[in-house]
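Participant: Sequence:
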Amino acid sequence: MTDPAKIRGKVVVITGGARGIGLATATALHALGAKIAIGDVDETTVKESGSARDFELYGKLDVTDATSFESFLDEVERTIGPIDVLINNAGIMPTGRLVDEPDQITRRILDINVYGVILGSKLALARMLPRRSGHVINIASLAGETHIPGLATYNASKHAVLGFTDTLREEYRESGVRFSSVLPTLTNTELGSGVTAPKLLRPAEPEEIADAIVGLIESPRSKVRVTAVAGIVSQVVGLLPQAVGDGIARALGASHAFLDDVDAEKRKAYEERARSV
Numbered sequence: 001m002t003d004p005a006k007i008r009g010k011v012v013v014i015t016g017g018a019r020g021i022g023l024a025t026a027t028a029l030h031a032l033g034a035k036i037a038i039g040d041v042d043e044t045t046v047k048e049s050g051s052a053r054d055f056e057l058y059g060k061l062d063v064t065d066a067t068s069f070e071s072f073l074d075e076v077e078r079t080i081g082p083i084d085v086l087i088n089n090a091g092i093m094p095t096g097r098l099v100d101e102p103d104q105i106t107r108r109i110l111d112i113n114v115y116g117v118i119l120g121s122k123l124a125l126a127r128m129l130p131r132r133s134g135h136v137i138n139i140a141s142l143a144g145e146t147h148i149p150g151l152a153t154y155n156a157s158k159h160a161v162l163g164f165t166d167t168l169r170e171e172y173r174e175s176g177v178r179f180s181s182v183l184p185t186l187t188n189t190e191l192g193s194g195v196t197a198p199k200l201l202r203p204a205e206p207e208e209i210a211d212a213i214v215g216l217i218e219s220p221r222s223k224v225r226v227t228a229v230a231g232i233v234s235q236v237v238g239l240l241p242q243a244v245g246d247g248i249a250r251a252l253g254a255s256h257a258f259l260d261d262v263d264a265e266k267r268k269a270y271e272e273r274a275r276s277v
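In our numbering, the protein residues as written are 1 to 277.
Derived by calculation from the structure, the hints in this document are not laboratory data. C-beta: ideal position from N, C-alpha, C; glycine also. Wrong hints could be hidden among the right ones.
Distance windows between CB atoms, simulated [stated by the list, open to error]:
1. Gly247 to Pro82: 49 to 55 angstroms
2. Ile232 to Glu265: 17 to 23 angstroms
3. Pro82 to Ala251: 47 to 53 angstroms
4. Arg275 to Asp54: 40 to 46 angstroms
5. Pro102 to Glu170: 19 to 25 angstroms
6. Gly253 to Thr67: 31 to 37 angstroms
7. Thr2 to His147: 21 to 27 angstroms
8. Ile248 to Ser193: 25 to 31 angstroms
9. Ala228 to Thr67: 17 to 23 angstroms
10. Ala126 to Arg221: 22 to 28 angstroms
11. Gly163 to Thr2: 28 to 34 angstroms
12. Glu205 to Thr45: 17 to 23 angstroms
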């Protein structure tokens, strides 16, 4: 059961907060009394989302730009207070075969999904270490523990986020700053539009991811997987011999979920936005 006393008054910054998991998380934490700052490269939408929910601060944030990121964090600390939690949520997931992926899209995925997480963590650390207090939560994916055709670069980016976060957790284990990874399965957001979940594994709702993040802030730990069933399947398959694990994944439909089975029309709006450079 949620203990609002452990959330109330905390200053929480969420990147990619205009929609989806970021917005659901901001909404859940705000309802529990947290002071919320959401940033997003989509300035119009982040201002609409923030003002509609009366968040303490909302505005444009480009996680691939150090000046933009540092200026945003400066404004948070100047207007709300010292940052207690940074949630590196911004990320994109273009789908398709690697050979068809333009180099600029490959770089864009890595810039947002990897460099943005590294940059945000570094900037947050510089603020949290002197206080010996703080929590950095990086949104990875169950794709970071497996390999899914049609998501090669995205998979690589999420493997990187997991390795990076685990390393920081050990590097700063006695500093007072905590590090956690969140590993969602396919989630019912625009990012997952037009994609059919593998057999037996239902998509998660963004509110479920938000609840998991609330739980992490209340009781920090290294990782949380959502949904629980998808997380168990991912871990079990990862322990099996390669041929067996790959065979199970194919039987569940993972080989086609992000390639041949994608509804291109339903996914068109997201792909255009994710790929805009």
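Participant: Run every hint past the structure and note whether it holds.
Facilitator: Verification of the hints:
The supplied range of 49 to 55 angstroms is met by Gly247 and Pro82, whose beta-carbon atoms lie about 51 angstroms from each other. Evaluation of the 17 to 23 angstroms hint for Ile232 and Glu265 yields a failure: the beta carbon distance comes to about 33 angstroms. Between Pro82 and Ala251, the C-beta spacing of about 50 angstroms keeps the proposed range 47 to 53 angstroms intact. As the Cβ distance of Arg275 to Asp54 is approximately 33 angstroms, the hint placing it in 40 to 46 angstroms is violated.
Between Pro102 and Glu170 the Cβ separation comes to about 37 angstroms, which falls outside the hinted range of 19 to 25 angstroms. The given range of 31 to 37 angstroms is broken by Gly253 and Thr67, whose C-beta atoms sit roughly 44 angstroms from each other. Between Thr2 and His147 the beta carbons are some 35 angstroms apart, a value that contradicts the proposed interval 21 to 27 angstroms. Distance hint check for Ile248 and Ser193: the Cβ-Cβ separation is about 26 angstroms, which falls inside the suggested range of 25 to 31 angstroms.
A hinted range of 17 to 23 angstroms is violated for the C-beta pair Ala228 and Thr67, which are about 40 angstroms apart. At about 24 angstroms, the CB distance of Ala126 to Arg221 agrees with the hint of 22 to 28 angstroms. Taking 28 to 34 angstroms as the suggested C-beta distance range, the pair Gly163 and Thr2 conforms, at roughly 30 angstroms. Checking the proposed 17 to 23 angstroms range against Glu205 and Thr45 shows it holds: the Cβ atoms sit about 20 angstroms from each other.
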